[in-house]
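Chains as they are written, first to last, in numbering that gives the first Met the number 0: chain U, 0 to 571; chain B, 0 to 247.
Source of the hints: derived by calculation from the structure; they are not laboratory data. Careful, some of the hints might be misleading.
[As the list claims (entries may be wrong)] Computed list of lysine-lysine pairs in DSSO-like fashion (alpha-carbon distance at most 27 Å, straight line):
1. U:K166 with U:K188
2. U:K127 with B:K123
3. B:K156 with U:K319
4. U:K319 with B:K157
5. U:K330 with B:K137
6. B:K109 with U:K188
7. B:K137 with U:K313
8. B:K199 with B:K157
9. B:K157 with U:K330
10. B:K187 with B:K109
11. U:K319 with B:K187
12. B:K71 with U:K330
13. B:K11 with B:K156
14. U:K319 with B:K199
15. B:K199 with U:K127
16. U:K273 with U:K127
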Amino acid sequence: MTDRFETHEHDVLIIGAGGAGLRAAIEAMAQDANVGVVCKSLLGKAHTVMAEGGIAAAMANVDTADDWRTHFGDTMRGGKFLNHWRMAQLHAQEAPERVQELEQWGALFDRTADGNILQRAFGGHTFKRLCHVGDRTGLEMIRTLQDRGVAMGFDVYMECAITRLLKDGDRIAGAFGYWRENGRFIVFKAKSVVIATGGIGKAWPVTSNSWEYTGDGLSLAYNAGAELQDMEFVQVHPTGMVWPPGVRGLLVTEAVRGEGGILRNKLGERFMEKYDPRRMELSTRDVVARSIYTEVREGRGTEHGGAYLDISHKPAEYVKRKLPSMYHQFKELADVDITQGPMEVGPTFHYTMGGIRVDAETGAASVPGLFAAGEAAAGLHGANRLGGNSLSDLLVFGRRAGLAAAEDAKRTPAPVIDDAQIAAGEREMLAPFEREEGESAYEIHHDLQQSMQKLVGIFRVEEELQQALGDIEALNERMARVRVEGSRMFNPGWHLAWDLRAMLRATEAVTRSALLRRESRGAHSRIDYPNYDPVWERQNNVVSRNGDVMRVRQEPVTEMPPELKELLKEGK
Amino acid sequence: MDAVLRVFRGDKDGGAAVDYAVPIAPGMVVLDAVHYIQAHQAPDLAVRWNCKAAKCGSCSAEVNGRPRLMCKTRMDALPLDKPIAVSPMKSFPVIKDLVTDVSWNYRVNKKIPPFQPRAGVEWKMYQRDVDRVQEFRKCIECFLCQNVCHVLRDHDKKEEFAGPRFFVRVAGLEMHPLDGVSRTALLKDELGLGYCNITKCCTEVCPEDIHITDNAIIPLKERVVDEYYDPVLKMVRRIRKMVAGRAT
């Protein structure tokens, strides 16, 4: 049956073409693997392109006292010690080399006076550590990786969506999907698969994330038998735009605060003095987001329900040079000149700390042949990610996953895929066209978003989480009757109907994990359990599939070696 | 108050504009209106978008005949007393509705040799030297400059001419302080730089305000002229050739 569909064979198939996917592809090609990259959008449009503030790497170009140990300590403290220590260590150690590599591939970072890569301050980082290009660092990074991959000659399947992973026994054997342009199905045979599909922000209405961020990669892995971890930790970025309505949630880079931006409430009070007097605006994101939320809830919010963020005390030319896209974004979309007055900002769903549970060194998931990297993988960031640690994560663990996937492919014979899996993949995709009546996916998506915003937001409580689980169950039932109008040709409604299943899966994992974690830590704040619990400091929630039932169990956090424990004690 | 969006619906075999009424909200952009239509009236309306913040360059289209990013085009800047025409970019083949086949751009891109550092360079660069290259690297590949360039739009010289986007890319490589490759022959022979007669249409539509003509294309044209058409250099090359010919 496979010959009914266009079929391609690769040693390594990479799903997702953001920073992690592209870096994995480059590394796998460097190992002489035959690599295919699949992405839902055009090449170069993945979410990495929207990253603004910078890449965290302890290069010590500006603050010479910085080194990997301090970066490691900052990352662990920012993650409230739920991070996998080994990932945090590798990340801190390898990030500088990964950044240098970008420069050697043609990236042009802002410079210090003595000709090195310039670094700026960011929340939770002890030193000035973020290598940047104004406020468009992600664009520089994705273009550099894209050019490198193109020059190495990778095969890119643009606007192609994967809907199912295929297996040969217990092992990953490929993937099934369709071309968005014409709706035709496509089969990939692959010895190993790297998932680099990012997060799940689209399950909330107020988000900095694009339409692609639906947790589809997590769902693919989960359905194939892989485990997820730390799903209760969803980062709410403290500063999204709040007005006008169409731009609500759009990211306002942390670099505004890194460059000296000040937060005030409507009374003009610099409220961070109350919540974190030492670090003020450069506290970690979980703290700043909760602070803004609390100010608004207690009646001290701005006209449109946010806080004021002001950088206008800096010279106008400086602001335009260091924050050019923020300047344009506010001027053109909100009629605000940020060199003259404050922006209105509020929390926006931004990043998924949880994801596929992987081996720290290789990014290997629990299913043989399956790897994950970047936002789709769990472990590095623990309960809260520091700004700038995502772009470095993509590079460090993208490379590691690409390397391991290529090596794994070398050891693996050509996989065999039975036709039943492909037939099932085809059937489930076509079903929504065959229903005479049913609901539009847009309505179900809207209802899921409302439910998540209201019930699984910044502050959580038992009853609301239970209610959210009930909502998700009801939405799953409605999904069984979803109907798609029109043809298979470039049909966003069809695609959403597929993506919604992934969002429902991911939000169920978030909600179940959040219910179990009866404490507040990092991005997870329980009104009914407002304090740290030392028992929960030592365990991660792990989500797995048992038939149609989602299971969550606790696994002990991997024990840190004594010398690293010492490091943390020293306050390094 | 409602606005009317007159959106092209169709594919490569043809189509027609269809009117949709959309309620106006403060600060609304054209892409918001298109999303409203998808959610309420036409769930299969095809459109590309990602960031919604003019950072990814996906939602290029023609709004009332002007090439624009839909995420950056405010409804309140348009005359709402008549329908707002939203059509796909004209210079590329339509796939469906507002989505066009831009794959040609990706093929052209492959012709350009990547950054290659000069042998033995020291990895030091100064802000004054990277400033002008950083301007080119702001490009978000929205392809609006390609869409509006008359060499492509009116004369369809896609075989001979790379278009402004790729002159911007080449300029970024050629002016990189540490790059060691020359792409002038490529510009002249393969990328068809000579077709550009600097009408600046590309510069006008660039959402990133890159001075495509002045800062990228004209300096590249000068490099080609210097290398291939400079009378003194031409003489020098001829003499060198003669000398080399005698030597063999």
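Tested hints:
1. Proximity of U:K166 to U:K188 is assessed by CA-CA distance (about 10 Å); at most 27 Å being required, the pair is judged to hold.
2. Taken as a hint, the U:K127 and B:K123 pair is honoured in the structure, with Cα atoms around 19 Å apart against an allowance of 27 Å.
3. For the proposed pair B:K156 and U:K319, the alpha carbon gap of about 38 Å is over 27 Å, so the pair is violated.
4. With a C-alpha separation of about 37 Å, the suggested pair U:K319 and B:K157 falls outside the 27 Å cut-off, and the hint is violated.
5. Distance restraint check for U:K330 and B:K137: the Cα-Cα separation of roughly 18 Å lies within the 27 Å cut-off, and the hinted pair is therefore satisfied.
6. Proximity of B:K109 to U:K188 is assessed by CA-CA distance (about 26 Å); at most 27 Å being required, the pair is judged to hold.
7. In summary, the hint linking B:K137 to U:K313 is supported, as the alpha carbons are separated by about 24 Å, within the 27 Å threshold.
8. With a C-alpha separation of about 19 Å, the suggested pair B:K199 and B:K157 falls inside the 27 Å cut-off, and the hint holds.
9. Under the criterion of a C-alpha separation no larger than 27 Å, the hint pairing B:K157 with U:K330 is inconsistent with the structure, at around 36 Å.
10. For a cut-off of 27 Å, the pair hint linking B:K187 to B:K109 stands: about 17 Å separates their Cα positions.
11. Simply put, U:K319 and B:K187 have alpha-carbon atoms about 36 Å apart, too far for the 27 Å limit, and the pair is violated.
12. About 11 Å separates the Cα atoms of B:K71 and U:K330, which keeps this hinted pair within 27 Å; it holds.
13. Taking the CA atoms of B:K11 and B:K156, the gap is about 20 Å. The hint holds against a cut of 27 Å.
14. The straight-line distance between the Cα atoms of U:K319 and B:K199 is roughly 25 Å, inside the 27 Å bound, and the hint therefore holds.
15. As the CA atoms of B:K199 and U:K127 are separated by approximately 41 Å, the hinted pair breaks the 27 Å bound.
16. Among the hinted pairs, U:K273 with U:K127 is consistent with the structure: their alpha-carbon atoms are about 24 Å apart, no more than 27 Å.
Of the numbered hints stated above, those contradicted by the structure are hints 3, 4, 9, 11, 15, listed in ascending order.
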